[in-house]
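*Asks:* Given next are the chains, with one letter for each unit.
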Amino acid sequence: MSNLETAEHPEKLRRVAIDPVSRVEGHGKVTILLDDDNKVHQVRLHIVEFRGFEKFIQGRPYWEVPVMVQRLCGICPVSHHIAASKAMDMMLGAEHLTPAAEKNRRLMHYGQIMQSHALHFFHLCSPDLLFGFDSEVARRNIVGVAAESPDIARQGVLLRKFGQEVIRMTAGKRIHGTGAVPGGVNKALTREERDTLLADVYQMIAWSRDAVHLVRRLFEQNLEQYNAFGRFRAHQLSLVRADGAMDLYHGGLRARSMDGDILFDHFDYRHYWDVIFEDVKSWSYMKFPFLRSLGPEQGWYRVGPLARVTNCDFIPTPLADKERREFMAFDDGRAAGATLGFHWARMIEMLHAVECIKDLLHDDDIMGDDLMVTGERGGRGVGVIEAPRGTLIHHYRVDENDLVVRANLIVSTTHNNQAMNEAVRQVAIQYLDGNEITEGLLNHIEVAIRAFDPCLSCATHALGKMPMEVELLDAAGEVVSRLVKSADGAVTA
Amino acid sequence: MSAAAPVLLLAIGNESRGDDALGPLLLRRVGEWLEDKGLTGEVELIEEFQLQIEHTLDLKGRELVLFIDAGKDTPIPYAFYRAAIKRLDGHTTHAVAPETLLGVYAMVHDAAPPPAFILCVAGSVFELGEPLSAAAELNLQQACDFACRLLERPLLAAWQSQTQDSVSLA
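If you're matching them up, the sequences are chains E and V in order. To convert, take the position in the first sequence, counting from 1, and add 65; that gives this note's numbering. To convert, take the position in the second sequence, counting from 1, and add 117; that gives this note's numbering.
Derived by calculation from the structure, the hints in this document are not laboratory data. Using N, Cα and C, we set each Cβ at its ideal position, and we do this for glycine too. Check each hint, because a few of them may be wrong.
Below 25 Å or equal to it, Euclidean Cα-Cα: the simulated SDA-like pairs (lysine to any residue) are [said to hold, decoys possible]:
| # | chain 1 | residue 1 | chain 2 | residue 2 |
| --- | --- | --- | --- | --- |
| 1 | V | 189 | V | 157 |
| 2 | V | 203 | E | 353 |
| 3 | E | 238 | V | 189 |
| 4 | E | 238 | V | 145 |
| 5 | E | 238 | V | 202 |
| 6 | E | 120 | E | 426 |
| 7 | E | 104 | E | 293 |
| 8 | E | 423 | V | 149 |
| 9 | V | 177 | V | 241 |
| 10 | E | 226 | E | 293 |
| 11 | V | 189 | V | 250 |
| 12 | E | 226 | V | 189 |
| 13 | V | 177 | E | 258 |
| 14 | E | 104 | V | 165 |
| 15 | E | 238 | V | 203 |
| 16 | E | 226 | V | 241 |
| 17 | E | 238 | V | 241 |
| 18 | E | 226 | V | 265 |
| 19 | V | 177 | E | 214 |
| 20 | E | 120 | V | 157 |
Facing chain E, a subset of chain V residues (Cβ under 10 Å, in silico) [what the hints assert, rightly or not]:
| # | residue |
| --- | --- |
| 21 | 131 |
| 22 | 134 |
| 23 | 174 |
| 24 | 272 |
| 25 | 276 |
| 26 | 280 |
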């Protein structure tokens, strides 16, 4: 861990705040304490909103939970829907779902991975990557991309739409879907729905490959910057299949050290607390998970696309696995350890997700009618999946009246909390130390955060509720400058 | 594929966050009214957590579009105005504003978007787990009555005429 978490004399330092971090799913805030010479003394990524969702669902009947948890997030509701359903499978003793049920859930999950990755890359990150981190802010958004590269913008729209259609057909509705239920699913894909998706899936595969190659080209064109930007060493955590393959829906936990050694493998996630613990820090609402065996100082880790692509032994779809091997070998493996390598890995995963969708559409089990199983009722349920942003843990206890009495959710962004702080600190050291603060420089911080695709807290968006506030405080703590930028770009003092 | 209904109502909101539920609730009440009037074939209703740029695909082939959302600092009980086409120059694409969606439409589809209006209902409480506030409930009813009046005359000129002093019309 770097030594910039807490400054020795913060009361003497100037504070620059970016609040909220733009183009991140939710609100975050970065504070940088500078001295009079603009030397960085302290950097922290704060989470400013308390979610309180675990409390929100206490006292609810367990069968409501897979639907209710979708209200947690407007970007990844399906991930919570599936993780909660897996937890409630365990509650019902439904250890092995029917082929039709598991395949329909997987189809829904891959649709979610695809649409979320497409949103992130084409809408949130491609402006940074295509135009450069210092480019004018007016260009650095998806409309800027559309203006200069209309085909890329159009592909982004259609890839995301396809993923949303997969979700709609498997979950039953665009939002508040009910497709996954404890013990299985309540609908299978119809033949008509399958044929509709099959008509477009090969085009989606082609565009996804193009997106992988686009990121590769960007790396090749900016090799030194991309490899060095926000770079730090981290342990990795992800689910893997029994044979070591990437599996985004189910598997055992694998942790790999920053030196590449396996710390534990195929660990049964139903007892995740034996290997993962959550630390708290006074300055953040978000917890800091760590590997128990290494402790809070040394045990923090990274999750998400970069961790998954580098942690698995192979990807079980041919096109994505070919891209994975090229990614791992690129520049003697340096891209696979770069913070911006997240983008490359994310596009490899999008390709994998679309390949999986194609395979499932060709599998007649997807239209099966044996959808539910039950078993011996228990009192505890743990469901873990690899959500778009990383490992997602849902853990519930249910009483004899079928009501939830305790819930614990460890979301992907929480796993990445310390890792994001490390990335921000590295960028601050690289780009802010000794310089005047400019919008372009501050955007470097945001580029590092965006690489993780964090979801800090969202699902509310009412008009007027997403300002960006920048405050500059002098060494005495007085505000010397303050700007508020609304979502429509209007700036007020 | 069947032709798109000429009028689209696109409501945005999260029912678990207090007054953020205004959009979805209004949409459902309007849906019941449309059923009573036998007008469901003329109007498509879509509910979402938030707008994103793929919603440009939902705008295709429409004659009129109405975005319905909750608003903070919105005049009580609601505001109704024409959505201007806007190029995004803000800092976020976390969720796309209706005006920006029209701008994206023009770029992605290389065509002018359909005429669109915004019905923004005043809300004040947006915390997770909060119910709809009593004040928002009052605003909701007035906004719903107004939306139904709009749908009785789904014509551009008629809607445009309502954008002036819309609050006093409620």
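*Asks:* So, for every hint listed, does it hold in this structure?
*Replies:* To see whether the hints hold, each was checked on the structure:
1. 189/V x 157/V: The hint is violated at about 31 Å.
2. 203/V x 353/E: 41 Å, violated
3. 238/E x 189/V: Measuring from Cα to Cα gives roughly 28 Å; hence the hint is violated.
4. 238/E x 145/V: The hint holds at about 15 Å.
5. 238/E x 202/V: Violated, at roughly 29 Å.
6. 120/E x 426/E: Answer violated: residue 120/E to residue 426/E is near 39 Å, above 25 Å.
7. 104/E x 293/E: Satisfied, since the Cα-Cα distance of roughly 20 Å is no more than 25 Å.
8. 423/E x 149/V: Between residue 423/E and residue 149/V the Cα gap is close to 39 Å, so the pair fails against 25 Å, i.e. violated.
9. 177/V x 241/V: Distance of about 33 Å is beyond 25 Å: violated.
10. 226/E x 293/E: Given pair residue 226/E, residue 293/E is violated - Cα atoms ~34 Å apart, limit 25 Å.
11. 189/V x 250/V: 13 Å, holds
12. 226/E x 189/V: Cα-Cα ~29 Å, so violated.
13. 177/V x 258/E: Judged against 25 Å, a Cα distance of about 22 Å means the pair holds.
14. 104/E x 165/V: 45 Å, violated
15. 238/E x 203/V: Violated, because 30 Å separates the two Cα atoms, which is more than 25 Å.
16. 226/E x 241/V: 32 Å, violated
17. 238/E x 241/V: With Cα atoms ~29 Å apart, residue 238/E and residue 241/V exceed 25 Å; violated.
18. 226/E x 265/V: 30 Å, violated
19. 177/V x 214/E: 21 Å, holds
20. 120/E x 157/V: 39 Å, violated
21. 131: Constraint on residue 131/V satisfied, holds at 5 Å.
22. 134: 5 Å, holds
23. 174: 6 Å, holds
24. 272: Interface hint status for residue 272/V: violated (26 Å vs cutoff 10 Å).
25. 276: Since the shortest Cβ distance to chain E is 19 Å, the answer is violated.
26. 280: 16 Å, violated
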